[in-house]
Amino acid sequence: DGGITQSPKYLFRKEGQNVTLSCEQNLNHDAMYWYRQDPGQGLRLIYYSQIVNDFQKGDIAEGYSVSREKKESFPLTVTSAQKNPTAFYLCASSTLGTSAQETQYFGPGTRLLVL
Amino acid sequence: DQQVKQNSPSLSVQEGRISILNCDYTNSMFDYFLWYKKYPAEGPTFLISISSIKDKNEDGRFTVFLNKSAKHLSLHIVPSQPGDSAVYFCAASSSNTGKLIFGQGTTLQVKP
Numbered sequence: 004d005g006g007i008t009q010s011p012k013y014l015f016r017k018e019g020q021n022v023t024l025s026c027e028q029n030l031n032h033d034a035m036y037w038y039r040q041d042p043g044q045g046l047r048l049i050y051y052s053q054i055v056n057d058f059q060k061g062d063i064a065e066g067y068s069v070s071r072e073k074k075e076s077f078p079l080t081v082t083s084a085q086k087n088p089t090a091f092y093l094c095a096s097s098t099l100g101t102s103a104q105e106t107q108y109f110g111p112g113t114r115l116l117v118l
Numbered sequence: 005d006q007q008v009k010q011n012s013p014s015l016s017v018q019e020g021r022i023s024i025l026n027c028d029y030t031n032s033m034f035d036y037f038l039w040y041k042k043y044p045a046e047g048p049t050f051l052i053s054i055s056s057i058k059d060k061n062e063d064g065r066f067t068v069f070l071n072k073s074a075k076h077l078s079l080h081i082v083p084s085q086p087g088d089s090a091v092y093f094c095a096a097s098s099s100n101t102g103k104l105i106f107g108q109g110t111t112l113q114v115k116p
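In the order they appear, the protein sequences are chains A and B. 4 is the number of the first residue of the first sequence in the numbering used here; add one for each residue after it. 5 is the number of the first residue of the second sequence in the numbering used here; add one for each residue after it.
Some hints could be false.
Unchecked claim - Partial list, computed: chain A residues near chain B (C-beta under 8 Å):
(1) E27
(2) L30
(3) P42
(4) Q44
(5) Q104
Calculated from the structure, these hints are not laboratory results. It should be emphasised that the depicted structure is a prediction, and the values quoted were computed from it without experimental measurement. Glycine included, every Cβ here is placed at the ideal spot set by N, Cα and C.
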């Protein structure tokens with residue numbers, strides 16, 4: 004049963020604390036993405052990775068870090084430098100075709116709240 | 005600078021009628037467009053897509069229309085069902101980047 008899993012579903016962060024959100028996929032997709040959704044807004048790209056051990060900043064990368072040590076995994080760390088981390092975080096993955104017209108498939112999301 | 009815009013935050017239609025969700029874009033380099041459906045506290049689910057070489061794509065009750073000259077696309081749902089009630093996002097990408105740019109979303113409510 005292929006898909007994308009994210010954990011935990013809810014995460015609480017204290018001031019000054021780093022937290023890591025997990026994203027795993029068993030779809031054999033090359034590319035993985037992290038988005039943030041705020042109320043009334045669309046999804047904004049934080050980081051993406053098209054190949055293992057390589058990743059690029061998206062539109063709102065400040066205060067976040069990622070790693071891509073395995074094809075299946077793309078964890079996101081929300082650092083203490085991110086001043087407004089409360090949001091719904093979504094992980095996605097896609098194949099990488101020659102046309103780049105690839106559909107991204109999303110995980111169930113993680114809600115991050117600041118205590 | 006919002007490259008993809010969904011100007012209607014919400015839409016309400018009666019069950020069985022047509023739902024039309026609209027999306028406008030500004031970047032003429034976009035050549036692939038997608039619609040996603042999202043329930044609260046869940047990830048978006050892919051619905052339907054269209055390449056810029058086409059002007060229409062149909063999948064069951066869902067049809068997407070693309071008007072390149074107007075930089076406008078729309079999603080038609082016929083007939084609308086209460087289970088279609090959700091937030092709908094349009095998204096666009098260009099072949100040279102592959103990155104998806106999302107609109108703000110439109111909340112559809114289908115009344116029984």
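Tell me, in ascending order, the numbers of any earlier hints that this structure violates. 1, 2 and 3
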